[in-house]
Every structure is written in C-alpha cells, then in structure tokens.
Amino acid sequence: MKAMNAEDIEDVRRRWFHFPHVRFQAGKVFVWNAPDDFQSPVLARQGEAKDWAQTEWDYAEPIDFGPEKVHFRAQFTRYRADGSVIGSYKSLYIVVQKDGRWAIQGRSTWAVE
3 MKAMNAEDIE
13 DVRRRWFHFP
23 HVRFQAGKVF
33 VWNAPDDFQS
43 PVLARQGEAK
53 DWAQTEWDYA
63 EPIDFGPEKV
73 HFRAQFTRYR
83 ADGSVIGSYK
93 SLYIVVQKDG
103 RWAIQGRSTW
113 AVE
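Residues in the sequence shown are numbered consecutively from 3, following our numbering.
These aren't lab readings, by the way, just hints derived from the structure by calculation.
Computed from a predicted structure; not experimentally measured.
The reader is advised that the hints may include incorrect statements.
Straight-line distance between alpha carbons at most 20 Å, and here's what the computed DMTMM-like set of lysine to aspartate or glutamate pairs gives [unchecked claim]: (1) Lys-4 x Glu-58; (2) Lys-92 x Glu-70; (3) Lys-100 x Asp-66.
Model the full assembly from the supplied sequences, consistent with the hints where possible.
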C-alpha cells in the first residue's frame, strides 16, 4: 500500500502484479496483459475516488495456500485527506510466486472505481 499511497504507479505495476493480471469488479472482468495496460482510477481520482487521499489495509488473511500460491481474504479502506472514509471494500486476492517473486495474479473486489 506504500506505493499506492505515494502515488507511484510504476512501483504498483512493477511490485504488486504479475501479468497477465485478472480482476473481477462491478460485474465485469478486466485483463491486463502487460504492466502498461494497468491504469488506476483511484490515482486518477475518478468516480468514487475523486476525493481519495490514502488507502489502508483493514486485514489480509490467508484462507488457502500452497508452495506457489496463496488466496487472501482482504479488506481495505479508502480515506479522504480530512480522514473521513470513502468506503471499505472486501476482496479476494490470488497471490502467486512467479519469476522469483510473489505478486497478485488475480483479484475480485467489491470496490467501485
């Protein structure tokens, strides 16, 4: 979350994700095949995130795992600059070890962007 809150999109692309990356959100399926495909509506302050200032993890709990894959049940909260809450969002993250590093390969979230 440090890279996200620093608004470092390149660090988010490089460290958070493996590609292709799949996201289920708002009844749609998004597939980003390469790092340059990923865009963040939050960092662009679009939609519900127009007043976004930072995001914090509420929890991230492994619910199933193996030697090269972990499923996390997670929730994060987005905040405005004055500390008021934009929203809290439950998610499922599929984190895999690939090319010598752990990163998110797929996710499903209730967040609206």
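Worksheet item: Does the alpha-carbon distance linking Lys-92 and Glu-70 stay inside the 20 Å limit?
Response: violated, 23 Å
Discussion item. Please verify whether Lys-4 and Glu-58 have alpha carbons no more than 20 Å apart.
Written reply: The hint holds at about 9 Å.
Discussion item. Just to be careful, I want the Cα atoms of Lys-100 and Asp-66 compared with a cutoff of 20 Å; is the pair within it?
Written reply: holds, 18 Å
Figure legend: structure checked against the earlier numbered hints; the only hint not met is number 2.
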